[in-house]
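Protein chains: 2
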Amino acid sequence: MAPTPRQLAHEQTMADILRIAHRQLGTEGSAGLSLRAIARELGLVSSAIYRYVPSRDELLTLLIAESYNSFGDAVQAAESRCKRDDFGRRWLALGRAVRRWAVANPAEWALLYGSPVPGYHAPPERTTEAGSRVPLLLLTLLADADLKPSADDPPMTAALHRELERLRPGLPGELPPEVLGRGLLAFSSLCGLVSLELFGQFTNTVTQFAGHLDHQLARLGELMGLPEPY
Amino acid sequence: MAPTPRQLAHEQTMADILRIAHRQLGTEGSAGLSLRAIARELGLVSSAIYRYVPSRDELLTLLIAESYNSFGDAVQAAESRCKRDDFGRRWLALGRAVRRWAVANPAEWALLYGSPVPGYHAPPERTTEAGSRVPLLLLTLLADADLKPSADDPPMTAALHRELERLRPGLPGELPPEVLGRGLLAFSSLCGLVSLELFGQFTNTVTQFAGHLDHQLARLGELMGLPEPY
DNA sequence: GCAAAGCAAGAGCACTGCTCTCTATTTGAG
DNA sequence: CTCAAATAGAGAGCAGTGCTCTTGCTTTGC
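For the protein sequence lines, the chains are A and B, in the order given.
Going letter by letter, the first sequence gives residues 1 to 230 in the UniProt record's numbering.
Going letter by letter, the second sequence gives residues 1 to 230 in the UniProt record's numbering.
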């Protein structure tokens with residue numbers, strides 16, 4: 001069962017392709033991702049690249065899955081370093097890690113949370129699981145915190161509840177819909193904050209106050225009912 | 001000073017180009033925007049299109065500016081139909097209008113608030129003004145509401161304050177930084193909500209609870225300190 | 001040892017943005 | 001009214017893209 005030299009070479013080339021693709025993504029953006037350019041850089045003729053990657057769309061799917069996991073790893077690592085019962089700090093660490101990863105990998109962030117690549121739609125069965133990792137971290141945190149919905153919060157439909165259960169039959173199922181709604185709002189807000197900073201609406205403006213991300217995270221934590229981590 | 005037939009024809013062709021470009025944007029996405037396809041549809045040879053549009057990037061800039069104004073018009077119209085002193089309702093109307101426009105023009109929304117078109121960066125002098133219209137509506141609303149910052153809110157740097165004054169020396173200059181921070185947070189959240197719904201993260205999940213956009217808007221309004229519009 | 005599988009090369013198709021030259025038409029000034 | 005200048009369009013062409021097909025060469029596994 002030892003891998004043959006040929007298999008090793010194949011894996012190596014495959015890794016090279018992904019490495020170059022990630023770099024291209026950073027310099028040229030998702031639409032500038034060119035199979036021919038990758039082949040050229042590898043010293044291959046353009047058609048040979050199709051021995052490794054069946055199509056450009058497939059390469060994009062690979063990059064998306066890889067990025068989702070890199071993103072999930074980074075956020076999970078940061079969040080898991082906090083004391084489990086310090087819910088405010090866990091949220092703060094999560095938010096900071098999200099932004100840190102996005103700033104370090106802007107092209108990948110655009111791939112995951114920006115507008116979809118035109119003409120291409122990622123096959124859900126290969127991306128939703130990895131893509132749900134970070135949202136699930138937040139939902140787990142909310143379940144751990146065992147928050148009570150405020151009395152005057154209007155209840156949400158059970159449809160969303162079921163959708164989340166289908167996604168992961170574990171902890172989130174026990175979340176009251178109101179808490180869940182606030183959690184998803186906080187996550188959307190976080191994505192919006194990071195995207196506006198990265199994609200440069202307002203030029204400096206948002207960049208400025210995103211430097212004060214901690215304040216915004218505190219406000220969102222308060223919105224979710226989490227205790228201040230100070 | 002009467003426009004010659006030639007000028008009229010030129011304007012007509014120009015309008016046709018933009019119309020077709022918008023349609024292409026909707027069906028193919030921003031990267032699928034093809035000058036050659038537009039020329040073909042107009043019955044022109046591919047090179048003739050450059051009599052009207054100097055380059056593909058320039059066409060994108062035109063589309064962006066047009067979209068920003070269409071967006072600003074829609075939101076402004078909705079917001080201005082509210083009683084001026086009903087601040088909660090003005091926010092609700094603004095948020096609903098933002099989502100309504102985005103759902104009606106998803107490709108344009110992606111152009112404005114999605115990831116930037118790769119290899120292209122919009123010249124700020126031609127887009128930031130139109131792009132600031134909707135954020136300014138919210139800032140004006142906050143200034144009108146004359147909100148007091150909560151005592152325990154940490155102050156933000158004056159740099160952001162100055163940036164906003166430079167942008168529009170009018171009302172926003174009088175906003176306390178804390179109120180401004182909460183307003184920008186609410187706007188970012190709104191963008192995040194709409195983007196997550198449109199770009200299909202979570203598939204149905206977010207779509208579900210974005211149907212309950214009013215609840216989320218109420219939470220954000222509460223976060224800004226606006227009164228409930230009920 | 002040899003057939004089978006796998007890798008790479010090369011040519012080629014259809015498409016893109018964009019530039020160049022050339023022609024027919026319209027315009028505006030004398 | 002005339003005639004040069006400005007303009008719209010046509011056509012060819014360059015460099016790039018994704019992708020397919022056929023053709024060799026090399027390694028693999030029986």
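Heads up, some of the hints might be wrong.
[Unchecked claim] Quick partial rundown of chain B residues pointing at chain A, CB under 8 Å, derived from the structure:
id	residue
1	SER34
2	LEU35
3	ALA37
4	ARG40
5	ALA110
6	GLY114
7	ARG182
8	SER189
9	CYS191
10	LEU196
11	PHE199
12	LEU213
13	GLN216
These aren't lab readings, by the way, just hints derived from the structure by calculation.
Please read all numbers here as calculations on a predicted model, not as lab measurements.
Backbone N, C-alpha and C define an ideal beta-carbon position, used for all residues, glycine too.
Hint by hint, here is what the structure shows:
Checking SER34/B against chain A: minimum C-beta separation of about 11 Å lies over 8 Å; hint violated. For LEU35/B, the shortest C-beta to C-beta distance to chain A is roughly 15 Å, which exceeds 8 Å, and the interface hint is violated. Checking ALA37/B against chain A: minimum C-beta separation of about 13 Å lies over 8 Å; hint violated. The beta carbon of ARG40/B is not positioned within 8 Å of any beta carbon in chain A (closest approach about 18 Å), and the interface hint is therefore violated.
Taking 8 Å as the C-beta contact cut-off toward chain A, the hint placing ALA110/B at the interface holds, the least distance being around 4 Å. Because the closest C-beta pair between GLY114/B and chain A is about 3 Å apart, less than 8 Å, the hint holds. The criterion of a C-beta within 8 Å of any C-beta in chain A is met by ARG182/B, whose closest approach is roughly 7 Å, and the hint holds. Interface restraint check: SER189/B against chain A, minimum CB-CB distance 4 Å, threshold 8 Å, status holds.
Given the 8 Å rule on beta carbons, the hint for CYS191/B holds: about 4 Å separates it from the nearest Cβ of chain A. Taking 8 Å as the C-beta contact cut-off toward chain A, the hint placing LEU196/B at the interface holds, the least distance being around 5 Å. Proximity of PHE199/B to chain A holds as hinted, the smallest CB-CB distance being about 6 Å (cut-off 8 Å). Evaluation of the LEU213/B hint against chain A yields a violated restraint, the C-beta minimum of about 10 Å exceeding 8 Å.
Hint status for GLN216/B: holds, given a least beta-carbon distance of 5 Å to chain A, under 8 Å.
Hint compliance for this structure: hints 1, 2, 3, 4, 12 are broken, all remaining hints hold.
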